[in-house]
Amino acid sequence: MATLILAEHDDAHLNEATAKALTAALALGQPVDILVAGHQAKAAADAAAQLSGVRAVLLADGESLANRRAEPLADLIVSLADKYDAIVVPATSTGKNVAPRVAALLDVMQVSEISKVVAPDTFERPIYAGNAIETVQSRDKKLVITVRIAAFPAAALGGSAPVETIAAPDDKGLSSFVGADLSVSDRPELASAKVIVSGGRALGSAEKFQEVIAPLADQLKAAIGASRAAVDAGYAPNDWQVGQTGKVVAPDLYIAIGISGAIQHLAGMKDSKVIVAINKDGDAPIFQVADYGLVDDLFEVVPALTKALAN
Amino acid sequence: MKILVPVKRVVDTNVKIRVKADGTGVDLANVKMSMNPFDEIAVEEALRLKEAGKATEVVVVSIGSDKSAETLRTGLAMGADRAILVKTDAATVEPLAVAKLLQGRRSTRKSRAWSSSASRRSTTIRNQTGQMLAALLGWPQATFASKVVLGDGQVDVTREVDGGLETLRLQLPAIVTTDLRLNEPRYASLPNIMKAKKKPLDETTPETLGVDASPRLTVLKTVEPTGRTAGVKLGSVDELVAKLKQAGVL
Ligand SMILES: Cc1cc2nc3c(=O)[nH]c(=O)nc-3n(C[C@@H](O)[C@H](O)[C@H](O)COP(=O)(O)OP(=O)(O)OC[C@H]3O[C@@H](n4cnc5c(N)ncnc54)[C@H](O)[C@@H]3O)c2cc1C
Ligand SMILES: Nc1ncnc2c1ncn2[C@@H]1O[C@H](COP(=O)(O)O)[C@@H](O)[C@H]1O
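Residue numbers (our numbering), protein chains in the order written: chain G, 1 to 311; chain L, 312 to 561.
Next up, chain G with everything else stripped away, as it sits in the complex:
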């Protein structure tokens, strides 16, 4: 039959997670449609139509789908499911929220956070914070899959799929959106950045975090990341967190500054191409995964590095 992808977007922009999920979806070997569910989301649908290899874009546009609450969104996907034998969802916070709801309504067991398509019913996925890789086969009649986006390259542009409008679901009033406090930044997005500069508890305060990390990130046109300890201590906002309960990233260059390298942090960044660690403790576990390490005081080394790069 076919595969349906749930697009990750904010109505105005299509998120790169969609193009990455598309690469995974195409590996299933069926025609792929993309569902753009939102409110005033035509721009995101038009962007999805330009992805290469897409059969059609379904645009469901309505107030019930504003902010992508799980209940109406799951109802919508379930109403479309008859025509598909696989539903592919990027493992973003929206995707992880809604996909299990869809799976349960369809009575299938979700295949979570796949990192590789081995065969149309068989997948690899990391388990235990990435300390083991499991190959699983689904015996369900329909597949609901979430895709670890850092594990797949983005599909190319160059397509021109038709955009079909479909009805938005009724809102049953189970939940409502109260408000959001979202970060705005000119920096690249953490999940898709080519370079990430991350700071840990060692930074000591939000001020120092900005003072030391931001100039280096500016210099490298990098996204800023943080350890859980740094976020818990209020040095950095929650959406900067990298790790098992934060974002999983795989940039070309990841610079870990004052981060010890706890297993849960490594789970979020150890697939980066090149890892640099700056830590004054030469025995810190981060050095076990770092390609290049500086055993030194970050408050001296990082400004020096920023300066060296500027020259």
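FYI, nobody ran anything at the bench for these hints, they're computed from the structure. Some clues are possibly wrong.
[Said to hold, decoys possible] Calculated cross-link-like contacts (lysine to any residue; reagent style SDA-like; alpha-carbon spacing at most 25 Å): (1) G:K83 x G:P31; (2) G:K273 x G:V295; (3) L:K556 x G:G282; (4) G:K307 x L:A553; (5) G:K142 x G:D75; (6) L:K510 x L:L520; (7) G:K172 x G:A66; (8) L:K365 x G:G173; (9) L:K458 x G:D181; (10) L:K343 x L:K532; (11) G:K208 x L:V552; (12) L:K544 x G:V301; (13) L:K361 x L:G462; (14) G:K194 x G:E16; (15) G:K116 x L:K532; (16) L:K458 x G:S205; (17) G:K116 x L:G334; (18) G:K141 x G:D107; (19) L:K556 x G:D218; (20) G:K221 x G:D296; (21) G:K280 x L:N325; (22) L:K532 x G:A27; (23) L:K544 x G:A304; (24) G:K42 x G:A167.
[Stated by the list, open to error] A few chain L residues that don't get close to chain G, going by computed Cβ distances all over 10 Å: (25) K361; (26) G415; (27) K510.
Backbone N, C-alpha and C fix where the C-beta goes; we use that ideal spot for every residue, glycine too.
Based on these hints, arrange chain L with the ligands on the given structure of chain G.
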């Protein structure tokens, strides 16, 4: 209002797991097991609501072997009123089956108010059970909760999402799943650990609940990830810059 908190026995987060050489799975013999930390946070949140006079009863439930009773006792020692063990010796109980077992429990259906705080994310990357249970019950859901404010017939939940924070209002009954930043769970005191031994712990089985808990996914093999090896420690910033240029990442 009653609060149901599913608690799971998992490999302790501080344990570094080992993959069996024959590819059949992860070696769990003699590995330290604990209550899933997200579940501890869910128990804590429920207890705080009870202490604030907003909930009448906190019930902990676990699905697993006899050993899961220890996890339930931990919940009782923290302050939960009673416990239910859904006993099974199956090696794997998938989230869908767990959700069905929780749905099958009479008291879940009867509980007039919210909320099962199930937890978020696992050692086995599941993070599904809460959403699945919400779907099966037709209840609203809020995952990754970092703040919970209980109102009259509704609950406001602040969630940690990719872009920052968002707040949803759910009609009760509802499912809330926890983030690690929701609260700091208490330790059980010695007197409370003693008291917990006398609190009711009921047992049932998947068969009694009429749920087929057999797995839908087959694990074909489990292997070690291709590891990274430690690189080099450098003497200066200039050396680092040179190496990064060489590696083509600057
Ligand atoms: C400082 C710190 C940082 C951490 N960071 C991370 C991190 O970055 N990422 C991460 O994933 N983990 C992290 N962990 C904790 C992690 O190792 C937990 O073990 C894990 O989150 C367990 O989730 P789950 O199986 O409940 O998943 P889900 O599939 O989400 O299941 C959720 C829940 O369903 C219910 N349930 C499922 N099965 C049963 C059952 N048999 N009986 C009763 N109820 C059941 C329980 O509520 C269960 O936990 C961290 C821990 C600490 C202390
Ligand atoms: N001034 C500093 N410069 C470099 N590393 C530091 C400094 N202070 C502390 N650290 C390291 O930062 C790490 C803190 O890790 P974490 O708490 O996980 O973010 C530890 O490994 C410390 O050794």
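Hints, one by one, checked against the model:
1. G:K83 x G:P31: holds (11 Å)
2. G:K273 x G:V295: Status holds; Cα separation ~21 Å.
3. L:K556 x G:G282: Holds, at roughly 24 Å.
4. G:K307 x L:A553: holds (14 Å)
5. G:K142 x G:D75: Holds - the C-alpha atoms of G:D75 and G:K142 are around 16 Å apart, at most 25 Å.
6. L:K510 x L:L520: holds (23 Å)
7. G:K172 x G:A66: holds (14 Å)
8. L:K365 x G:G173: This hinted pair holds, its Cα atoms lying about 24 Å apart.
9. L:K458 x G:D181: holds (13 Å)
10. L:K343 x L:K532: holds (23 Å)
11. G:K208 x L:V552: holds (23 Å)
12. L:K544 x G:V301: holds (14 Å)
13. L:K361 x L:G462: With Cα atoms ~14 Å apart, L:K361 and L:G462 stay inside 25 Å; holds.
14. G:K194 x G:E16: It holds: about 13 Å lies between the C-alpha atoms, which stays within 25 Å.
15. G:K116 x L:K532: Judged against 25 Å, a Cα distance of about 14 Å means the pair holds.
16. L:K458 x G:S205: Roughly 23 Å separates the two Cα atoms, so the pair holds.
17. G:K116 x L:G334: holds (18 Å)
18. G:K141 x G:D107: holds (9 Å)
19. L:K556 x G:D218: Holds - the C-alpha atoms of G:D218 and L:K556 are around 18 Å apart, at most 25 Å.
20. G:K221 x G:D296: holds (24 Å)
21. G:K280 x L:N325: With Cα atoms ~23 Å apart, G:K280 and L:N325 stay inside 25 Å; holds.
22. L:K532 x G:A27: Within the cut-off at roughly 21 Å; holds.
23. L:K544 x G:A304: Holds - the C-alpha atoms of G:A304 and L:K544 are around 17 Å apart, at most 25 Å.
24. G:K42 x G:A167: Given pair G:K42, G:A167 holds - Cα atoms ~14 Å apart, limit 25 Å.
25. K361: Holds, because the least Cβ-Cβ distance between L:K361 and chain G comes to about 24 Å, which exceeds 10 Å.
26. G415: Given that every Cβ of chain G is farther than 10 Å from that of L:G415, nearest at about 13 Å, it holds.
27. K510: Consistent with the label, L:K510 stays out of reach of chain G, its closest Cβ about 31 Å off (over 10 Å).
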